[in-house]
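Chains as they are written, first to last, in my numbering: chain X, 1 to 116; chain G, 1 to 113.
Treat the hints with care, since some could be wrong.
Stated by the list, open to error - Listing some non-contacts, in silico: residues in chain X with all C-beta distances to chain G over 10 Å:
#  : residue
1  : Ser9
2  : Pro12
3  : Ala17
4  : Asn24
5  : Tyr25
6  : Gln42
7  : Ser54
8  : Ile60
9  : Glu66
10 : Arg77
11 : Thr86
12 : Phe90
13 : Asn96
14 : Val114
Stated by the list, open to error - Take a look, some chain G residues computed to stay more than 10 Å from chain X by CB distance:
#  : residue
15 : Leu13
16 : Lys14
17 : Glu52
18 : Glu73
19 : Gln85
20 : Ala99
21 : Gln102
Claimed, not checked - Lysine-lysine pairs mimicking BS3-like chemistry, simulated, CA-CA at most 25 Å apart:
#  : chain 1 : residue 1 : chain 2 : residue 2
22 : G       : Lys9      : X       : Lys58
23 : G       : Lys96     : G       : Lys71
24 : G       : Lys96     : G       : Lys14
25 : X       : Lys49     : X       : Lys69
26 : G       : Lys57     : G       : Lys71
27 : G       : Lys96     : X       : Lys49
These aren't lab readings, by the way, just hints derived from the structure by calculation. Where is the CB? At the ideal position from N, CA and C, for every residue including glycine.
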Amino acid sequence: AQSVTQLDSQVPVFEEAPVELRCNYSSSVSVYLFWYVQYPNQGLQLLLKYLSGSTLVKGINGFEAEFNKSQTSFHLRKPSVHISDTAEYFCAVRGNRGSTLGRLYFGRGTQLTVWP
Amino acid sequence: NAGVTQTPKFQVLKTGQSMTLQCAQDMNHNSMYWYRQDPGMGLRLIYYSASEGTTDKGEVPNGYNVSRLNKREFSLRLESAAPSQTSVYFCASSGKGRADTQYFGPGTRLTVL
């Protein structure tokens, strides 16, 4: 089975500052990794995903994440945030072999609040 | 192309009442999912359907039933609602590959009094 830990439940930051949202995972098999964003009163939308290859993954809205296998981490970063980035962010992991269910495991979420 | 649609958007029930949450997707996806979202808990999988005619329990299936009516539609039924089922419910769909993205509906906010 897999599990995900998002280390910060809330991250406040000022507009145009850089931000990092931290995610660690545990798994007995190799994994696919995902970051989703949820704007208020909406469903989840994919930001980016790591499947294989380059460990630096670029997503929508200027976000990027780096897969670190040795540290089992997949931290999300943005060099300069906007007020419109205020949302909840979810890290998720899915085993790429083994269980026939192949379910997606979500972290508990990080609320990013960008202040003017 | 509407993606994943859910009805209703909001619902208030009394304890013991029953209801069915509807979900439909128009992306020709094989797999469909039902999650619930509670504050500080992230998303937890209730039930999953890998393909038409199959369903599997997820992490929190108790108190729920599902029906994969056809490839497009996947419904979630609460037979006897309890206050612990107050939550936001999301339906999602994806292709059958493990690398495939899950696409989410807008959610149903359910309150059980």
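Hint check results:
Not every beta carbon of chain G lies more than 10 Å from that of serine 9 (chain X), the smallest distance being close to 7 Å; the non-interface claim is violated. With a least CB separation of 17 Å from chain G, proline 12 (chain X) remains clear of the 10 Å interface cut-off, as annotated. Listed as a non-interface residue, alanine 17 (chain X) keeps its Cβ farther than 10 Å from every Cβ of chain G; the least gap is roughly 25 Å. Its beta-carbon lying about 14 Å from the closest one in chain G, asparagine 24 (chain X) satisfies the requirement of being farther than 10 Å from that chain.
Every C-beta of chain G lies more than 10 Å from that of tyrosine 25 (chain X), the closest at about 13 Å, which supports listing it as non-interface. A beta-carbon of chain G is positioned within 10 Å of the beta-carbon of glutamine 42 (chain X); the least distance is around 6 Å. Non-interface status of serine 54 (chain X) relative to chain G is upheld: no Cβ of that chain comes within 10 Å, the nearest being about 15 Å off. With 10 Å as the threshold on Cβ separation, the claim that isoleucine 60 (chain X) sits away from chain G holds: the shortest Cβ distance comes to roughly 12 Å.
Every beta carbon of chain G lies more than 10 Å from that of glutamate 66 (chain X), the smallest distance being close to 19 Å; the non-interface claim holds. Separation of arginine 77 (chain X) from chain G is adequate, the least Cβ-Cβ distance of about 21 Å exceeding the 10 Å criterion. Against chain G, the non-interface label of threonine 86 (chain X) holds: every CB pair exceeds 10 Å, the least being about 17 Å. Taking the minimum C-beta to C-beta distance to chain G, about 6 Å, the non-interface status of phenylalanine 90 (chain X) is violated against the 10 Å cut.
Look at asparagine 96 (chain X): its CB is around 5 Å from the nearest CB on chain G, not clear of 10 Å, so calling it non-interface is violated. With a least beta-carbon separation of about 21 Å from chain G, valine 114 (chain X) lies farther than 10 Å from that chain, consistent with its non-interface assignment. No Cβ of chain X approaches the Cβ of leucine 13 (chain G) within 10 Å, the least distance being about 20 Å, so the stated non-interface status holds. Separation of lysine 14 (chain G) from chain X is adequate, the least Cβ-Cβ distance of about 24 Å exceeding the 10 Å criterion.
In this structure glutamate 52 (chain G) is separated from chain X by more than 10 Å, as the shortest Cβ-Cβ distance comes to about 17 Å. Every Cβ of chain X is farther than 10 Å from the Cβ of glutamate 73 (chain G); the closest lies at roughly 17 Å, confirming the non-interface assignment. The claim that glutamine 85 (chain G) is not at the interface with chain X holds, since no C-beta of that chain comes within 10 Å of its own (minimum 19 Å). The beta carbon of alanine 99 (chain G) is not kept farther than 10 Å from every beta carbon of chain X, the shortest such distance being approximately 5 Å.
Non-interface status of glutamine 102 (chain G) relative to chain X is broken: a Cβ of that chain comes within 10 Å, the nearest being about 6 Å off. A hinted pair counts as satisfied when its Cα atoms are at most 25 Å apart, and lysine 9 (chain G) with lysine 58 (chain X) does not qualify at roughly 33 Å. For the hint pairing lysine 96 (chain G) with lysine 71 (chain G), the CA-to-CA distance comes to about 12 Å; that is within 25 Å, so the pair holds. Restraint check for lysine 96 (chain G) and lysine 14 (chain G): not satisfied, since their Cα atoms lie roughly 37 Å apart, outside the 25 Å limit.
Annotation: proposed proximity of lysine 49 (chain X) to lysine 69 (chain X) holds, straight-line Cα distance about 15 Å (limit 25 Å). In summary, the hint linking lysine 57 (chain G) to lysine 71 (chain G) is supported, as the alpha carbons are separated by about 18 Å, within the 25 Å threshold. Our distance criterion of 25 Å between C-alpha atoms is met by lysine 96 (chain G) and lysine 49 (chain X), whose separation comes to about 16 Å.
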